[in-house]
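Fit chain B to the given chain A structure using the hints.
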Amino acid sequence: MTSEGSALGYPFLKALKGVVKILAILAISYLAIYLLNALLGDGVDYRNLPILGSRNLIWLVAQVHLLLGAFLLGVPMFAVTVELIGWKKGDGRFDRLAHDFTRLFTLTGTIAAILGGILLVSLFILYPGFSGYMRSIYSPTWHLYIGLVLGEVISMYLYYYSWKALEGRKGMHILLGIILNLFGIAIVFVTDIWVAFMMTPGGVDEKGNLVSMWDAINTYAWMPLNIHRLIANVAFGGSIAAAYGAYRFLSAGDDERRAYYDWMGYIGNFIAMVGLIPLPFAGYLLAMEIYAFNEQMGISMMGGTFSWLWFMQAVIIGAIFLAANYYLWTAMEKIEGAERYRGYRKYLLLVIVVCYGVWLTPHSLVATVEEARALGGAFHPVLGVFGVMAAKITAVFFLIMATFLSFMLYRRSDKRPTVSWAGKGNLLQVLLLILSAGAIIFLGVYGYFVPAAVRIRMSMAQVVIVFIFMVLFLIIEYFLYRNAEAVGRIRWGDMPGRSQYALIFLAITFTWLMGLMGYIRSGIRKFWHIYGVMPDRSPQAYLPAHGVSTFIISIAILIFFLLISLVFWMAREGRH
Amino acid sequence: MWWIGALLLSLVVAVVAALRRSPLFTAIGLFFLFFSFLRSLSLIIPPIPAFVLRWYLLLAGVALLLYFSIREETFERFKAPLIALLVEREMRFLRVPVFLLFPLAMAYMAYAYTKPALSPPAESRTIHPEPPVEFSFRGKRIKVLGLENPLRKDRANLARYIAEGKEIYYRNCVFCHGDLWDGKGIFAHGFNPAPLPFRGTDTIAQLPEGYVFWRVSTGGPGLPPNATPWSSAMPVWQDMLSEKEIWKVILYIYDATGNKPRTWE
Chain A
1 MTSEGSALGY PFLKALKGVV KILAILAISY LAIYLLNALL GDGVDYRNLP
51 ILGSRNLIWL VAQVHLLLGA FLLGVPMFAV TVELIGWKKG DGRFDRLAHD
101 FTRLFTLTGT IAAILGGILL VSLFILYPGF SGYMRSIYSP TWHLYIGLVL
151 GEVISMYLYY YSWKALEGRK GMHILLGIIL NLFGIAIVFV TDIWVAFMMT
201 PGGVDEKGNL VSMWDAINTY AWMPLNIHRL IANVAFGGSI AAAYGAYRFL
251 SAGDDERRAY YDWMGYIGNF IAMVGLIPLP FAGYLLAMEI YAFNEQMGIS
301 MMGGTFSWLW FMQAVIIGAI FLAANYYLWT AMEKIEGAER YRGYRKYLLL
351 VIVVCYGVWL TPHSLVATVE EARALGGAFH PVLGVFGVMA AKITAVFFLI
401 MATFLSFMLY RRSDKRPTVS WAGKGNLLQV LLLILSAGAI IFLGVYGYFV
451 PAAVRIRMSM AQVVIVFIFM VLFLIIEYFL YRNAEAVGRI RWGDMPGRSQ
501 YALIFLAITF TWLMGLMGYI RSGIRKFWHI YGVMPDRSPQ AYLPAHGVST
551 FIISIAILIF FLLISLVFWM AREGRH
Chain B
1 MWWIGALLLS LVVAVVAALR RSPLFTAIGL FFLFFSFLRS LSLIIPPIPA
51 FVLRWYLLLA GVALLLYFSI REETFERFKA PLIALLVERE MRFLRVPVFL
101 LFPLAMAYMA YAYTKPALSP PAESRTIHPE PPVEFSFRGK RIKVLGLENP
151 LRKDRANLAR YIAEGKEIYY RNCVFCHGDL WDGKGIFAHG FNPAPLPFRG
201 TDTIAQLPEG YVFWRVSTGG PGLPPNATPW SSAMPVWQDM LSEKEIWKVI
251 LYIYDATGNK PRTWE
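Chains as they are written, first to last, in this note's numbering: chain A, 1 to 576; chain B, 1 to 265.
Here chain A stands alone, though its shape is the one from the complex:
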């Protein structure tokens, strides 16, 4: 990047260009809406898009736009964290990593903005009734949103292009990155207002007239959705970063690059895992709020129509855990000193596979008539035991703990503690593990014998135990490995290709999971635009068969990855 001068004027010029770009896209969209409305004639509530269908278009565009948006918000979180670590540690690699990532934003931002424009136009042209109503309620928040997007764009360009200029004033630059993230978070909060309102509306009377703006903003699902999306963005940003690292690793020509991109994949995967672990709890919170808003909605989400999508969710989540662990296990191969811990991997694998099996055993079985006959009932006497919530939750906690342990083994591989109480400390950790694993199994088994309401409290206790286990373990680990001596080095770059494909797999499945879960969240509205307030009266006011919806979601994911590959590729070209 030779054009990247060290003067501060240059970043501002770039930021101005970004603002002009966004305003131009917005102006074109408004113009398109105006022209199309004039052309097609006013006064209808729905227009149908031939062939593809209005709903499918909105679905695809919204999903891809959302994924790009999530990427745009997740990556700065990732970049600033990494930059901060680099600054504190004085490790130049981190700074380079953060900078490499920021390169991806500007291009992604443009694509996301164009898709946003298409979404805006298609909503107002294809669903004029609904969009008009949303505008009548939310036009103040819409203007706020535009303001925030401009703020995001400005801080994004300033952050990226002032990297060199602010080299000497790192604190200042990081502050800029934090401002960028604040804008990002605010954007999530504002857009969630609209989505949450559609699911769990508030602040309007039966006719849909606005009664209280604050109640229309602070709906049941709003905060849980915010939290869920923010955490998911961390995981998403990390996993895409890891996939990028993997892609660059696989196409790297020399050892120096391989080492660097190997390390990049590792950091990305680490951040993705840190985000992934609290995600189930945030999801739980969201589900609880949906129940609190409308029990009917909660039941249809968990029990009825969507139960097969939850099965797919289970398959995908298990695969994510498996891939993440596999990556760590193969990565241990490149660490001198890891021989001491290699033997444990097979036990971890066993625990993970068994838990995965329990986790994906469906409660309602697909069975042929003969099989059903042989069962003699609806539930299999053994598999039925795995199918219930108590078993599944227990299995997930074990998945989390096993992943945590894999990571701990990885961390230890190249070190040996020097403290005098090393043996005892280790024993304490093992005891801690046995105790908490025992307690979790006990609570899980006990969960079979108590009513559902009590069982929920039981799983809360399990959450607390897992959490305490991890915290105590880490505290001991910290003191144990302070001033530890190195027993070998990490041969960065000495990784088999398969480990990198695991990272790419991780990013794709994670994105897929987001699409699937997002569909459930949105699908529980059924034939309502705004649940209980505004029914969908278009010809597509029904839930498609699961096969159809998963197909559309997959197409959206495919488009997203094509776009992201384009960004990766262009970022790579830009280097030379």
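Among the hints, a few may not be true.
Claimed, not checked - Cβ-to-Cβ under 8 Å is the rule here; a few derived chain A residues that face chain B:
| no. | residue |
| --- | --- |
| 1 | I299 |
| 2 | W329 |
| 3 | G357 |
| 4 | V388 |
| 5 | P496 |
It is worth saying that the hints were derived from the structure and are not from the lab. Think of the CB as a built atom: it goes at the ideal place given N, C-alpha and C, for glycine as much as any other residue.
The following block gives chain B in isolation, referenced to the frame of chain A:
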């Protein structure tokens, strides 16, 4: 019974291969060991439905592949026989049949998959579909959510209600739901889907009483569209029993099985 034989054979393959340090054949042996183990389980418990079996096998296959590919050396040895089969001259006598076998196996699979079958296809059933917001009970609209058993509050007469419920059960329900509340009444074998048990933790134990009331009142025909396959034999009891009688029999089935209705808090 031949699963036992398969079990032993794959055990032998796995052990011999492990001793000779051949990861590929160890994996194959372990895979079939697991497969025949799952199948031979049907000697003691009802067979695992093919749908679940397939997922377990897939999981086992993936796990083995992952396990043998963690270490580079192991993975090299894992691949070696396959590569040898493909490229080495001495292997050509094996290569030809294998290459022939593959398309033949594929053809057979395609044939087996498309050949018309006598048995109906596997069905997924949502056993506890979401209830409607409200339903009609002899012309009266009743809301399902928050619906409580009015008799349960009348503690003084609870024992009498349960006794009356028992009588209702033995006059009406026992033929399908069974003497032991296990869904194995004398008619049960004739129905698909089979009558549900009331014992255990996964039927009425996880339902609120209002839900059970809705199910008993509207029966199989009252099931919502997503509760396929719509062929439930459960009768519409509101045509035959009064509201109070249904509440009584519900009291009874909970009492008899020691289950408690689900409450939300």
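- Query: Can the hint on A/P496 be confirmed by a CB-to-CB distance to chain B that is less than 8 Å?
  - Reply: Constraint on A/P496 satisfied, holds at 6 Å.
- Query: Is the shortest C-beta separation between A/W329 and chain B less than 8 Å?
  - Reply: holds (5 Å)
- Item | chain B contact restraint for A/G357 - C-beta distance below 8 Å | Because about 6 Å separates A/G357 from the closest Cβ in chain B, which is inside the 8 Å limit, the hint holds.
- Query: Does A/I299 pass the interface hint, meaning its C-beta sits closer than 8 Å to a C-beta of chain B?
  - Reply: Since chain B brings a Cβ to about 5 Å from A/I299, closer than 8 Å, the hint holds.
- Task: Return the status of the interface hint for A/V388: holds when the least beta-carbon distance to chain B is below 8 Å, violated otherwise.
- Result: holds (6 Å)
Consistency with the previously given hints is maintained throughout, with no hint failing.
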